[in-house]
Amino acid sequence: MYKRIILFGVLVLALLLTGCQPSLDTAKSDFCDDLGTFGKLVGEYRSISPSSSVDDVQNAQKDIDNAWNDLQSSAQTLQSVQIDSLQSAYSDLQKDVSNISGDTSVAGALAQIQQDALATLQETIQISITTCSYGQ
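Using the numbering used here, read the sequence shown as starting at 1 and increasing by one per residue.
Don't read these hints as lab results, they were simulated from the structure. Beta carbons: idealized from backbone N, C-alpha and C, even for Gly. You may find that some hints are simply not true.
What the hints assert, rightly or not - Ranges between beta-carbon positions, derived for each pair:
id: 1; residue 1: G108; residue 2: S73; range: 31 to 37 Å
id: 2; residue 1: S47; residue 2: C132; range: 21 to 27 Å
id: 3; residue 1: S105; residue 2: L24; range: 46 to 52 Å
id: 4; residue 1: T26; residue 2: V54; range: 37 to 43 Å
id: 5; residue 1: S23; residue 2: G108; range: 46 to 52 Å
id: 6; residue 1: A111; residue 2: S80; range: 35 to 41 Å
id: 7; residue 1: A107; residue 2: S73; range: 33 to 39 Å
id: 8; residue 1: T77; residue 2: A111; range: 34 to 40 Å
Said to hold, decoys possible - Pairs of lysine-lysine, DSSO-like flavour, derived with a Cα cap of 27 Å:
id: 9; residue 1: K40; residue 2: K95
id: 10; residue 1: K62; residue 2: K95
id: 11; residue 1: K40; residue 2: K62
id: 12; residue 1: K28; residue 2: K40
id: 13; residue 1: K28; residue 2: K62
Model the full assembly from the supplied sequences, consistent with the hints where possible.
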């Protein structure tokens, strides 16, 4: 009888622990959704023009930063995905956007920001190809 109680307790504990952890499929789906949102927002840097204001660029960057935080969180949950190269490319983009100040024109920084955005998108696509399966 005592062994049955212990076995039952272990079984209940195992079920509880399993229920608390997201499944691999859910973690992967969340990561891929966050990766897609992040890539979409970075891609919107294509619409920045020399006449865009510094505030426009910095507001866009805030949205991207929020998406990046979500992506990092879901990458930690998934654990099997490496985003180091993406993080490096994104750090360059963040740095160049943060270097734009109110007295700097967007036109002067536009080429570098778009180049950094392209590098970030390339890394996003590479991770997407190796990790995510959209519509399959």
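Evaluation of the provided hints:
no., hint, result
1, G108 / S73: 31 to 37 Å, "holds, 34 Å"
2, S47 / C132: 21 to 27 Å, "holds, 25 Å"
3, S105 / L24: 46 to 52 Å, "holds, 47 Å"
4, T26 / V54: 37 to 43 Å, "holds, 40 Å"
5, S23 / G108: 46 to 52 Å, "holds, 48 Å"
6, A111 / S80: 35 to 41 Å, "holds, 36 Å"
7, A107 / S73: 33 to 39 Å, "holds, 35 Å"
8, T77 / A111: 34 to 40 Å, "holds, 36 Å"
9, K40 / K95, "holds, 20 Å"
10, K62 / K95, "holds, 13 Å"
11, K40 / K62, "holds, 14 Å"
12, K28 / K40, "holds, 18 Å"
13, K28 / K62, "holds, 25 Å"
Hint violations for this structure: none, all hints satisfied.
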